[in-house]
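Participant: Chain residues, written in single-letter form:
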Amino acid sequence: MITIEFNGLAQELGYNSSLLQLIELKNLNPKSLALVLNDQVVPRSRWAQIECQHSDKIDVFSAVAGG
Amino acid sequence: MLSIADHQFDSRLFTGTGKFSDAKTMLAAIEASQSQLVTLAMKRIDHNKDFDDLLTPLQQMGVKLLPNTAGARNAKEAVFAAELASEMLATKWIKLEIHPDPKYLMPDAIETLKAAEILCAKGFTVLPYVHADPVLCYRLEEAGCAAVMPLGSPIGSNQGLATEPFLEIIIEQANIPVVIDAGIGAPSQACRAMEMGADAVLVNTAIASSADPVQMAKCFNQAVNTGRQAYLAGLGNVEKQAKHTSPLTNFLNL
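Protein sequence lines, in the order shown, are assigned to chains L and S. Under the UniProt record's numbering, the first residue of the first sequence carries the number 1, and numbering increases by one thereafter. Under the UniProt record's numbering, the first residue of the second sequence carries the number 1, and numbering increases by one thereafter.
Note that these hints are calculated values from the structure, not bench results. Treat the numbers as computed from the prediction; the structure is a model and nothing was measured. Certain hints may be false.
[Claimed, not checked] Mimicking PhoX-like on lysine-lysine, the simulated pairs with C-alpha atoms at most 25 Å apart in a straight line are:
id, chain 1, residue 1, chain 2, residue 2
1, L, 31, S, 43
2, S, 103, L, 31
3, S, 64, S, 19
4, S, 19, S, 243
5, S, 76, S, 24
6, S, 24, S, 218
7, L, 57, L, 26
8, S, 92, S, 122
9, S, 243, S, 218
10, S, 103, S, 114
11, S, 218, S, 64
12, L, 31, S, 92
13, S, 64, L, 31
14, S, 122, S, 76
15, L, 57, S, 114
16, S, 24, L, 31
17, S, 24, L, 57
18, S, 64, S, 24
19, S, 43, L, 26
20, L, 31, L, 57
21, S, 19, S, 103
22, S, 103, S, 43
23, S, 64, S, 103
24, S, 43, S, 76
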């Protein structure tokens, strides 16, 4: 197991988990999100290829109401 | 028809999605407003709240989405927010807003210009929210912004067009669309902005905080259309002295 930081909270993950698998694990709809890995925005097209590493900091954003 | 960058809009009323009591009311109000450009913000997903999908119903409605950079305190954060929005919504359109002061939410002119230069160079369609500063608006136009969005009064204040004389200068000088944003609190104020020759207005709080947001959205739509028609028809001159509209027949001297 590895531990990552997901939106500020510790999250345990199996080895070789991709960013897409993490999103699925969290029951989030990948179509309406943006993902930031260690302060870099990662294009959706690469989520399936990138494996989470121990201590990664991952933040997921969604659209909310605003003016 | 209003053109911004490569996009045409039938409606000159842009709306925000904030502050509505619930999503159903917000969607009904946007529909009633006939707005075709709708703003959104972005947030880190909250672990303790159900994920509320705002996007799907807006996309189904067919409106164009304009994500904002609210929360950015400087140019670097705003550029990051724009990239986030671009990835999330597959759009290069961005409402650039940088307001580090939470009390009055006054836009930071220097950071906004810096961010606009970077984002325009990266190919974004940038609509910056700014103070009603004609010189700054000119500089943003030079930087390649698609429109400027000067404020009427502080965000969400419903104080109306406190900056009217400066908005008039901006409208006179700009070669890109001028969208009056922030502070418009009543349909009459939106109408006035359009009579002055603004290309569009962005209204959020005045609709969302009405007791009947759907009806208020309709009223804003009518007011914006009326103001635009009046501008096109041409307002009469304002005179200091009275000028009679009827022949002054001397009945008493017969």
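Participant: Compare the structure with each hint and give your call.
Facilitator: Going down the list of hints, with the structure as the test:
1. 31/L / 43/S: holds (15 Å)
2. 103/S / 31/L: Roughly 35 Å separates the two Cα atoms, so the pair is violated.
3. 64/S / 19/S: Holds: residue 64/S and residue 19/S sit about 20 Å apart, inside 25 Å.
4. 19/S / 243/S: violated (47 Å)
5. 76/S / 24/S: Since the Cα atoms of residue 76/S and residue 24/S sit roughly 35 Å apart, the hinted pair is violated (cutoff 25 Å).
6. 24/S / 218/S: holds (16 Å)
7. 57/L / 26/L: holds (15 Å)
8. 92/S / 122/S: The given pair, whose Cα atoms are some 9 Å apart, holds under the 25 Å limit.
9. 243/S / 218/S: violated (37 Å)
10. 103/S / 114/S: OK: residue 103/S and residue 114/S at ~23 Å, within 25 Å.
11. 218/S / 64/S: holds (19 Å)
12. 31/L / 92/S: holds (17 Å)
13. 64/S / 31/L: holds (17 Å)
14. 122/S / 76/S: holds (14 Å)
15. 57/L / 114/S: violated (28 Å)
16. 24/S / 31/L: holds (21 Å)
17. 24/S / 57/L: Distance ~35 Å between residue 24/S and residue 57/L Cα, so the pair is violated.
18. 64/S / 24/S: holds (18 Å)
19. 43/S / 26/L: Roughly 17 Å separates the two Cα atoms, so the pair holds.
20. 31/L / 57/L: This hinted pair holds, its Cα atoms lying about 21 Å apart.
21. 19/S / 103/S: holds (17 Å)
22. 103/S / 43/S: The hint holds at about 20 Å.
23. 64/S / 103/S: With Cα atoms ~30 Å apart, residue 64/S and residue 103/S exceed 25 Å; violated.
24. 43/S / 76/S: holds (17 Å)
Checked against the numbered hints given earlier, the structure breaks hints 2, 4, 5, 9, 15, 17 and 23 and satisfies all the rest.
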